[in-house]
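Chemist: Line order of the protein sequences matches chains V and L.
The first sequence begins at 3 in my numbering and counts up by one.
The second sequence begins at 103 in my numbering and counts up by one.
Source of the hints: derived by calculation from the structure; they are not laboratory data.
Do not take every clue at face value.
Here chain L is said to cover these stretches of chain V; the calculated rule only asks that three of the stretch's residues, wherever they fall, bring their Cβ under 8 Å from a Cβ of chain L [unchecked claim]:
| # | segment |
| --- | --- |
| 1 | 19 to 29 |
| 2 | 44 to 58 |
Some chain L residues well away from chain V (every beta-carbon gap over 10 Å; in silico) [stated by the list, open to error]:
| # | residue |
| --- | --- |
| 3 | E115 |
| 4 | L139 |
| 5 | Q146 |
| 6 | D157 |
| 7 | F159 |
| 8 | N181 |
Cβ atoms here follow ideal geometry from the backbone N, Cα and C, with glycine treated the same way.
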Amino acid sequence: MNPAEPGDLDTIIADYLQAAERGQAPAPASWLARHPDHAAQLLAFLTDLGRFGDFLGLPKQPALEATTDLSSPATGTDARSVAGGEGERFGEYELIRVLGQGGMGTVYEARLAGTNLRVALKVLKPAELEGAEATRRLREEVENTAGLRHPHIVPIYHVGEHVGRPFYTMELIEGGSLDQHLERYRGQFAKAARLLASTARAVHHAHQRRILHRDLKPGNILLDAADEPHVADFGLATRLDDAGTASDSGPPAGSLPWMAPEAVRGETTLSTAIDVWALGVILYELLTGLRPFGGASARELRQAILHQEPPAPRAVNPGVPRDLDAVCRRCLHKDPERRYESTNALALELERWLRDEPVRARRAGRMERVARWCRRNPGLAVGSILLLVLLLTSLEAALALTRDQEQKLRVVVCRNNEFVARHVASSVLGRLEQLSEPVLAAAGDDDLRRACDHAKIAEAQAVLERHFQGRSRARLSFATVYLLDPDGKLVALLDPDHPRQGQQAPASRVLGDPFSSRDYFQGALRHRYERAPRDRIHLSRVYRSQNDGLDKLAISCSVLPEGPNKRSWILAATITTDATLGVESLHDARHKAVLFAPRDADPIRPGELPMPAGYVILVHPAFLTGEKSVPFPADRPGLVTLPSEEPELRPASGPPPFASDDDYADPVADHGHPEFSGRWLTGSARVGNTELIVLVQQRYEEAVAPYQAIIRRFLLIAGGLVGLVLLSLVGLRLIQARRRRQSAIPSG
Amino acid sequence: MAAARVAAEMALECFRDYLCALARIQVAARPWLAAKLDASDVVQHTLLKAHAARDQFRGRSAAEMAGWLRQILARTLANELRALGQARRDVGAEQSLNAALDASSCRLEAWLAADQSSPSERACKREQTDALAEAVARLPADQREVVLLKHCQGLALADIAAQLGRSPASVAGLLRRGLERLREILDDKNHP
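Let's have the full structure, built from the sequences with the hints guiding it.
Modeler: Dropping the structure here:
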């Protein structure tokens, strides 16, 4: 027979039942003794049979308490062998050693004679023998514990009486009691919490069966080989009534250091809260190694329990986790109502702490709760972080994509502007050719050449007036027309737009002044030897007129001498700032075309074409005719390539004079035209082979409007989501607060 | 007259839990009926019949009243079984049911008398029988079978083993586990 097989257990039970049916049921103690390997299970069966035997109609079982007359043949029954020594026989048990002295008796390690079943055997102290009260207490303890079957409560096997002394046996827990092992729990907070949670659950089991332990202390918590706690010694336990309180008429019972204030005061109605208190004291000992209350005498100790607030466990041992500190202090509340409502609640709380969940006793900070939640749900936490990262990166990617698209669009728009600028530039070139025609006609007029050769100023003036005044074709927006002699002296001047009599007075101011340093003079001289008359035209740089103070650009041309050894005179017709330069449809709804011209450097070194001293805006949609030109910022457009020495009125070629700008600020915005402020996208083109530059500008907002709309929508959605989340958080908060308020109102 | 009738009905009502327990056990002993037959319906019928026939009751004590009600219950149960095609002959079925009910009642009484966990629990004696019957009904089928063969028919272990085609040890094991489970169910019920 293999004693380890459960089938074996059932065979034993079957044998027992069949014997019982014949009316020959063996006495429980000896039956248990015969099967020591299954003693605990057989005892459980006997207990169940005691309870349900009647229901099954089985013959009346010998009750456990009825086994008092048991005596094995080997037992010496004389009065001298009253248990008290070790190695002696006690009834059918052999006493091995004293395990401890309980409240009312001595506990031995004992062996059932003839077996290897070792048990703990509790006998009343000889001194207590007389007291019927003590006997009653022992009976009560047995009755109380017998109904309790829990893995963490020491089970009672057998109750009996030997030579008039009541005793009972229970499971032998080998590890000794907790008070011998407190040191091992120093700093081992998780271990301590687990131990106390198991203990609290066992105590709760008893409470559910209406048994109040009343004497919980480390000495009554036994540890087995696996350090599992077993609650023992229900010697002081009392029954709870339906209201969950116990009425106790006797003197305060329990061990003082672990007694709750209401028990110390001797209150007659006690509740499970005193066991919660005792567990709190044990927790305090486990956490700090000290008892919460002390005193040189029982009186002092009593006063301390009643009136003193013990130092917080963290104050004694700073390493104690905050939550356990709070749990412990909640157990040790002077007011029983404010302790945990049950030891089960305490167990749940400790288990919550072990699982890293927030405890009820203390509200953790926000960060702590988040960190805890993450530790508890690492998968979920990593998942949500990944999700968040994914969300952010995809949002970022979408925005980057949009930005990239927008960037590309900007390039395209700028490039487009360049093409528009080229087109505009050729229109402007055509216009300039048109403007050059009367100048060429006058310069090629033989009357003028003769008058110049002979320095007949009056004749020359008459020729000019014939060409530039009174003929509608020639009246092409010229501001003034000059004739300069070969030394650059201004010899004739007329204002084609004004009647002859009106222009004499201002013209006299500059007549005779030398202007050889002006670009219109030098440029016309440079081109004077070109074969085709048209190629002798020079588009000058912009200068400020000494005559009328206008910013002007001159179309100048040399008047070639007829006779030999004569020098060239110079004819110049000027145009001033304007909105369109007389070109139709220079601008449309989106594109604004602007004409730039270099500013004339003054003075200029002859024979050399210097870099221009910066550019000015001569034609701009914002301008009224004759308005002051607007200087272009010095740092823009940077180095501009100069046109070649070729004739100027030639079709344009080569790269744009300066690079497109996608962040262009129109300078006229700072010169009285604020409607042109903002960001522009530009493209430029050179007007023929001149130094003039056409710039086409388009508003940034209009060009990239679709992408702006996408980004705006993105931001709107993202903002909306964030707002929604915030709103729901606030809502949750409010609901929580309301719940808390409602639950704070005492019910009933 | 009216007061007496009310008193009689009150008295009948007192036996409801008791009859429920008996009926439950009988239904539990026939697990194939559990879906078709509701013990509380049977008891309701029984009480209605008893109320209609209350003038025929000649006894004086509560025990006599209980015996009379058991007879009506046996007849009601037998009718129900016949209606469900479970009983062959009227008289025999009713008699064996009567015997089973008597034995069951007897053992329930004995159990009640012995199982007194506490004075306060003694007060709800009748509810306890019903609770026990309900707990029995909640046992796993094989354990319930063994427990009820013992309870209703008082069969010896060897007879049960022979009837079920099991070894005595396995029957004993079923009984042991059945009692353990009963205790757990009842304890959970008493102390929710």
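Chemist: Which of the numbered hints are not met once you compare them with the structure shown?
Modeler: none
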